[in-house]
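*Asks:* What follows is the residue order along each chain.
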Amino acid sequence: MGKVLMKGNEAIAEAAIRAGCLNYFAYPITPQSEVAEYLSKRLPEVGGVFLQGESEVAVSYMIFGAAACGARVFTTSSSPGISLMSEGISYITAAQCPAVFVNIMRGGPGLGGILPSQADYFQSVKGGGHGDYRLLVLAPASVQEAVEMVMAAFPLAEKYRNPVMILGDGLIGQMMEPVEFPDHLKSPPSNKDDWATSGMDTRRSAQRNLVKTLYLVPEELNAHNLKLKAKYERMQQEDVRCENYNLQDDYQALIVSYGTMSRVCRTVIDNFKERGVEVGMVRPQTLFPFPRKAVYQAATKASCRAVVSVEMSMGQLVEDVELSVRGARMVHWYGKCGGEVPTPEEVMEVIAKLIAS
Amino acid sequence: MGKAFHRPEALADGVTHYCPGCTHGVAHRLVAEVIDELGIRGRTVGIAPVGCAVLAYNYFTFDFQEAAHGRAPAMATGIKRVRPDLIVFTYQGDGDLASIGMSEIIHAANRGEKFTTIFINNAVYGMTGGQMAPTTMPEQRTTTSPFGRKTVQTGMPIKVAELIAALETPAYIAREALVKPKYINKAKKAIHKAFGYQVANTCFSLVELISTCPTNWGMTPTDALEWAEEKMLPYYPLGELKTPEAGRSAAKGRNPDAA
Chain A
0 MGKVLMKGNE AIAEAAIRAG CLNYFAYPIT PQSEVAEYLS KRLPEVGGVF
50 LQGESEVAVS YMIFGAAACG ARVFTTSSSP GISLMSEGIS YITAAQCPAV
100 FVNIMRGGPG LGGILPSQAD YFQSVKGGGH GDYRLLVLAP ASVQEAVEMV
150 MAAFPLAEKY RNPVMILGDG LIGQMMEPVE FPDHLKSPPS NKDDWATSGM
200 DTRRSAQRNL VKTLYLVPEE LNAHNLKLKA KYERMQQEDV RCENYNLQDD
250 YQALIVSYGT MSRVCRTVID NFKERGVEVG MVRPQTLFPF PRKAVYQAAT
300 KASCRAVVSV EMSMGQLVED VELSVRGARM VHWYGKCGGE VPTPEEVMEV
350 IAKLIAS
Chain G
0 MGKAFHRPEA LADGVTHYCP GCTHGVAHRL VAEVIDELGI RGRTVGIAPV
50 GCAVLAYNYF TFDFQEAAHG RAPAMATGIK RVRPDLIVFT YQGDGDLASI
100 GMSEIIHAAN RGEKFTTIFI NNAVYGMTGG QMAPTTMPEQ RTTTSPFGRK
150 TVQTGMPIKV AELIAALETP AYIAREALVK PKYINKAKKA IHKAFGYQVA
200 NTCFSLVELI STCPTNWGMT PTDALEWAEE KMLPYYPLGE LKTPEAGRSA
250 AKGRNPDAA
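Sequences listed follow chains A and G, in order. Heads up: the first sequence begins at 0 in numbering that gives the first Met the number 0, then just goes up one per residue. Heads up: the second sequence begins at 0 in numbering that gives the first Met the number 0, then just goes up one per residue.
The following block holds chain G by itself, in its conformation from the complex (with noise of 0.2 Å):
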């Protein structure tokens, strides 16, 4: 009988910084078990983000680049251009991406370059301390919207992926969530699909996570899992929101009951 479990070779051995209950842990390695799976470790370059994902690097084994601030889009543009052989792909969160970044992905995606995305989404600024994300929840309280998220003031949180999805140039845009494991297993899917499109010189590639942050939240790791199911998943709904074959308009997200 085989080894049921072990550590994906892409994966490296360690004890990581995040906090107890953070999901970017289960993040790593659905995206360390795809990049195994396709045999690309060898020539697959990741970059890291500004955020807590900016040590992302000591926990993969291959090579890495660390970006600034929502500037990783341009960097894997600069590398996709120049060596096209190369894997390529940008691990971020969303205040990286979905605020100071928001130009670069944009026109990454709009450019159709051809690198994959892994965009965290957990509702706000984990490594500064807290504080409110573009994609933070009306009325969630983070250390600058202490009283709440007012929309009259701050507007509604960004739907990353239905923006990037919304251009007509053809790509891969999934969300997926990491609350749960019938959730988990579907991101994994999604990822590898992401990873698959690039793999074949097809398309951009995005996926989008729902993830968790217990401390910056401050909840229970368990808690958090249940208010990210209850209040993000109907706002944020899963599923793929385009892929090359069917455009937007065949691929829409589907209930997050149905999931």
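So that you can see chain A by itself, here it is in the shape it has in the complex (with noise of 0.2 Å):
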């Protein structure tokens, strides 16, 4: 199949499918809504679930239900819907049951607005819900990483048996690109047996599955909490990614971005280089496990001498920005909330001063 031009939020709704994910449990929230649209069309064409709970706190639940008896399953909100969905998402991490989140951020906090924005990064990569627990965060910027992210995502989730949550603005998911869907991404599901309630019968087994959050001993909630932690160290060894941007020149300034801010700084660091001026960039693909070694390691290359962070939220990002920098240079923060997204010529001045001073 050739590229196709289509809106990131069908593009998203359709790379489930096509990674093998027939299962969508929803509540309409703007901006992706048409996530739910599109798959109340789609999923009975190919044999799927399609259903629009009553609310998002109902929906982590029946996602929730349905991962634990061993089903491939997910579901798109954005930011308020997100924050509903936490309780969910917090005994679902407990319960240690993949499932794929997609957010598709909108300006907060409280209702906010419904323009693209970043400011969901604490919450979906610190926490959200209650409890020690991490989501594998994955952000793309463009509609094709999107795609891409969405099929990678739920071999992610069965391989940690723990939630992975795409995270995305709201341009990615309003904005229209041409993409395609490559076959290679989609996987076979995982034998779920040994811990799936998926009915006695169905497995063939004597013994029964339980699925629970609940551990009343203290030792024994230490320990499934050190499991759980031995799980999220894994996933920094195994599955952290990024990607650079110009680091091969001496650049004189690094920038540290995700999402459809990159792509403005993209621009930035190619207009600096037409004046002679070099800039780097780290775009982290997944927020957690956040690519700490190489932000380290482009923020303390010898030409380098500040580090900013360029985000659609006020100061979020910057602060895993320092903890990878480890206090090596100066780290800079650089945002705008609300829906606007900061223009070239707005980061280039800030840039240009940092480089100057």
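It cannot be assumed that every hint is accurate.
Said to hold, decoys possible - Here chain G is said to cover these stretches of chain A; the calculated rule only asks that three of the stretch's residues, wherever they fall, bring their Cβ under 8 Å from a Cβ of chain G:
hint: 1; region: 47 to 54
hint: 2; region: 191 to 201
hint: 3; region: 264 to 274
hint: 4; region: 291 to 303
I should point out that these hints are in silico values taken from the structure, not numbers from a laboratory. Ideal Cβ placement from N, Cα and C applies to all residues, glycine included.
Reconstruct the complex from the two isolated chains, following the hints.
*Replies:* In structure tokens:
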């Protein structure tokens, strides 16, 4: 199949089907309702399950129930909806069930606005729901990358028995770009017989399976949390992804940026190059696990005088950049929120000042 | 001569954590007997609530999931939609279902999700320590209504079975009681019918079971049984409130005296 022109939200919907996920539960919210609209037509065609739940809270538990009996399942929402799902997400991580959540972010806090934002970085990367847990967070910068990340998300969720979140800003969902659906990213479902509540007869098993999150004995809860922690550490060993841009030359400043914002930053870097000024960028593709080593290495290059986190949020990504740079360079922040995407000119002005100082 | 009384295969052997005189044990046994009789243990998934029955999975011998407070009907929906061949039931108390989980149960019932809900109504929050529930009786003392439930402030007890029976979607809705053997036999029949409708893929089914909580009511087990019969049954009439065949008009709750 060749390239087709598709809106991000519809491409995400189709990518899940192509990945082999035919079960979708969701609640409408701007700017990602096209996913549900697309799938309400498309899933019945392929014998899949589409259900519009009564709330995002309920949807997160429909996902939990379906995932816990071994089905491949996903949902999509946007910022306020993800807040409501966060209760269920905490339970799903505790119960170690694989599932995929897509957050097409809008501005917050509260109702905020409906335009693109990256203000749910902390919510996605640091928690959101209660308790010690992490999501594996993938951040696409194009519709094509959103497709590939959705398709990759299901085997990753099954590898770790942990939810994976695709964190895209509203532009990723709303813009149209040419995409293709790579056949090689379709993955067979994994064997879940040793834990899923799929019915004993289905597994031909005399042993029943139990999906639970309550550990009343302190030692048992601690052991459970250590087990979860080991998975998050394994993610850091095996599944960190990032893309470098213009790191081959002696750059004077390093940008760290992800998603749509990173595309603006590419233009910034290209414009500087035309003027004979080198600026580099590390673009995290996984926000958790964060590419700490890559950011540290790039920031500590001898020519690099300043590091700047450019984000559509009020200083969230910058905290992980600071943790990665570990004081070796000054780390600065520039960003806008509320639906405005910083322009290349604005970002260039900030970086020019940093280089000059 | 065959064995007259035995433990159902679906019921685990062991001691429960329930208080003396609690009727959860009776409800568990009835569910287990029905699962045995229908021969569905190998394709049943139970969903435990938050509340005293959170550990219910320890007392059954088939697949189980443990829900968050009130969310069991959403989890059951998730399972039934992706695996309609499984038999799914939620086992929920009145704090779980009638308070924090009211939205989930109403919408699941209204969509006609083909699972079964066993709803334990003992007019109080059990596990958290005897607080007022939406089903608490007027003037009933609880740890959060120490002077008795004042209906001017907190409204009247919610009649869950009637509320759900009022939905237009076909369903099997019944209320029975676990307070005397004569009621328990009828409760067993209702639970059997509820699971039967699910096995036949007919409709959503819910059986409300009037139960006791001697510990949080501050009564002996036998006084609690008497109190439930005297105070609760006149307000919560027993019987089938709705069947998929007759709808809700033809199936009205019977008078407790006639039970």
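*Asks:* Evaluate each hint against the coordinates.
*Replies:* Taking the hints in turn, this is what the structure says about them:
no. : hint       : result
1   : 47 to 54   : holds (count 5)
2   : 191 to 201 : holds (count 6)
3   : 264 to 274 : violated (count 0)
4   : 291 to 303 : violated (count 0)
In the structure shown, a violation is registered for the earlier hints numbered 3 and 4, in ascending order.
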